[in-house]
Amino acid sequence: MNTLHMSQTYETDNGLVHMTPPDMAVLNAVGLPERTRILEQYVREELGRILGIEPWMVDTTGRPMGCLGIGSISGIELQYRMENTLGVDVNLQRLLLANSAQELIDCLAGQFGPEAHLHGAPVPA
Amino acid sequence: MTATTLLPAARPVVHHQDLDRADFTLSADRVDLWLIRRPTGADAEALAIEELDESERKRTDSFIRRTDGMLYAAAHVAVRRLLGRYTATRPEDVRFMREPCPGCGEPHGRPALSPPPPPLHYSLSHSGGVAMIGVGTVPLGVDVEKLPGAETVDICSKALHPQEQLEIAEAEEGEERRQLFGQTWTRKEAFLKGIGTGLSRSPAEDYLGTDHDRHPDGWTMVGVPADGQHAAAVAVAGPAPARVDVRWVPDAWLSVGHTVCSGTAPGPRPAALAG
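Taken in order, these protein sequences are the chains called A and B.
By this note's numbering, the letter at position 38 of the first sequence is numbered 38, and the numbering carries on one by one without gaps.
By this note's numbering, the letter at position 70 of the second sequence is numbered 70, and the numbering carries on one by one without gaps.
Rather than coming from a laboratory, the hints here were simulated on the basis of the structure.
Because the structure is a prediction, the values reported are computed rather than measured.
Certain hints may be false.
What the hints assert, rightly or not - To give an idea of the chain A side of the interface with chain B (calculated C-beta under 7 Å), a few residues:
| id | residue |
| --- | --- |
| 1 | Arg63 |
| 2 | Cys67 |
| 3 | Gly69 |
| 4 | Gly71 |
| 5 | Ser72 |
| 6 | Ile73 |
| 7 | Ile76 |
| 8 | Glu77 |
| 9 | Tyr80 |
| 10 | Asn91 |
| 11 | Leu92 |
Unchecked claim - Here are a few chain B residues that face chain A, going by a calculated C-beta distance under 8 Å:
| id | residue |
| --- | --- |
| 12 | Arg57 |
| 13 | Phe63 |
| 14 | Arg66 |
| 15 | Asp68 |
| 16 | Met70 |
| 17 | Ser127 |
| 18 | Glu145 |
| 19 | Thr152 |
| 20 | Cys156 |
| 21 | Lys158 |
| 22 | Ala159 |
| 23 | His161 |
| 24 | Leu199 |
| 25 | Tyr207 |
Just so you know, even glycine gets a beta-carbon here, dropped at the ideal spot from N, CA and C.
Isolated chain A, as found in the complex (with noise of 0.2 Å):
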């Protein structure tokens, strides 16, 4: 896949957020509630990027990603984000359908940790 160069600050009214993408290597270390965490850190961050507002203000419980703000070409841009900066496959489908960004998460962090690959999961990237 050719990569785009993705900058990792947005603005927003308050002013601009600085991104911090998830460490792999410790992503694949912790257990499921520190990868919770960290996940949805950074979702909110992404999400926030896309919607132009700042990570702690992102809903990820009450409100379909529909009622986020997260459209079609929304949904591809965070798709792509989310595969390129985790190197997981993210099912379009199935991100724009989510009852919540929590749904997410939690399928995002499924998807790492010495549970996936026991239960033979795709070691990402």
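Starting from the known structure of chain A, arrange chain B on it as the hints suggest.
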């Protein structure tokens, strides 16, 4: 020996200015497209939200940005009022269903009226302050998208058909490339909605680029003049309709106490026409 001359397939004529008052009839030769702006101020206050059903009202309230919820509500009030006008049904009595998915047979395919009143088919799309509704006698799909920024165009182009990627890469960086991406993407999504798969079918699968002769058989894709910030397209099943009529819905048509037949629909704002 008889020589055969292959003529290019007929293309629909798109009418969007100085249109007669809509008569809300259906014709196999025509597709009606209705564009809706997100209402603001007094028009937003007057929006006939009470005509929406409980799930539509709940979703209206679920949007993180109130403006997105207002566009959703306006689009769904418009769907109910317009389709109600075509079918002589009260807006609040219009019922919807999902056709079977062409992939798995489950009921998450194209949205349709319930019970199906042949031959009316419709499609709805909304993005960035503008919604579009298509109405015709054959299956169709519509898509409208706010034109994305350059980085998003570069990223999302990679999801498209290889030939489409090439065309977009060859376009001049900046506005020309954004416009071409928007036109290509809206043809693509309109087609995927038309066939009923949506984005469960890969956007890389089918060619919907600038060469209409290479588009999927059995469908006609038409670009729609929206405004300078949006791209829009309709995909129509079967032989190309002779004409596509594009009208903007006046805000008053969506207000409490008004109906969709209380006035004529003006053309797009002249200063904001897209090609």
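Item to complete: Report holds or violated for the interface hint on Glu77 of chain A, using the least CB-CB distance to chain B and a cut-off of 7 Å.
Response: This interface hint holds because 5 Å falls under the 7 Å limit.
Practice prompt. May I ask you to test the interface hint for Ala159 of chain B with respect to chain A, counting a Cβ-Cβ separation under 8 Å as satisfied?
Written response: For Ala159 of chain B, the interface hint holds, since the closest Cβ of chain A sits about 5 Å away, which is under 8 Å.
Worksheet item: Given Met70 of chain B as an interface hint, is the shortest Cβ-Cβ distance to chain A below 8 Å?
Response: 13 Å, violated
Discussion item. Given a cut of 7 Å on the nearest C-beta pair, is the interface hint for Ile76 of chain A held or broken against chain B?
Written reply: 5 Å, holds
Discussion item. So, as I understand it, the hint says Arg66 of chain B touches chain A; can you test that by seeing if any CB pair is closer than 8 Å?
Written reply: It is violated, given that the least Cβ distance between Arg66 of chain B and chain A is near 11 Å, above 8 Å.
Fill in: Satisfaction of the Cys156 of chain B interface hint, Cβ to chain A closer than 8 Å
Interface hint status for Cys156 of chain B: holds (5 Å vs cutoff 8 Å).
Worksheet item: Minimum Cβ distance from Thr152 of chain B to chain A below 8 Å?
Response: It holds, given that the least Cβ distance between Thr152 of chain B and chain A is near 5 Å, below 8 Å.
Discussion item. Quick check on the hint: Ser127 of chain B CB to chain A CB, less than 8 Å?
Written reply: Hint on Ser127 of chain B: holds, closest Cβ of chain A at ~6 Å, below 8 Å.
Worksheet item: Does the nearest C-beta of chain B fall within a distance shorter than 7 Å of the C-beta of Cys67 of chain A?
Response: For Cys67 of chain A, the interface hint holds, since the closest Cβ of chain B sits about 4 Å away, which is under 7 Å.
Practice prompt. Closer than 7 Å between Cβ atoms is the bar; does Ile73 of chain A clear it against chain B? Give me holds or violated.
Written response: 6 Å, holds
Worksheet item: With a cut-off of 8 Å, does the beta carbon of Asp68 of chain B approach a beta carbon of chain A closely enough for the hint to hold?
Response: With Cβ-Cβ at 6 Å, under 8 Å, it holds.
Worksheet entry | Interface hint status, Gly69 of chain A versus chain B (Cβ within 7 Å) | Cβ of Gly69 of chain A sits 6 Å from chain B, so the hint holds.
This entry does not satisfy hints 10, 12, 14, 16, 23 and 25, going by the numbered hints stated previously.
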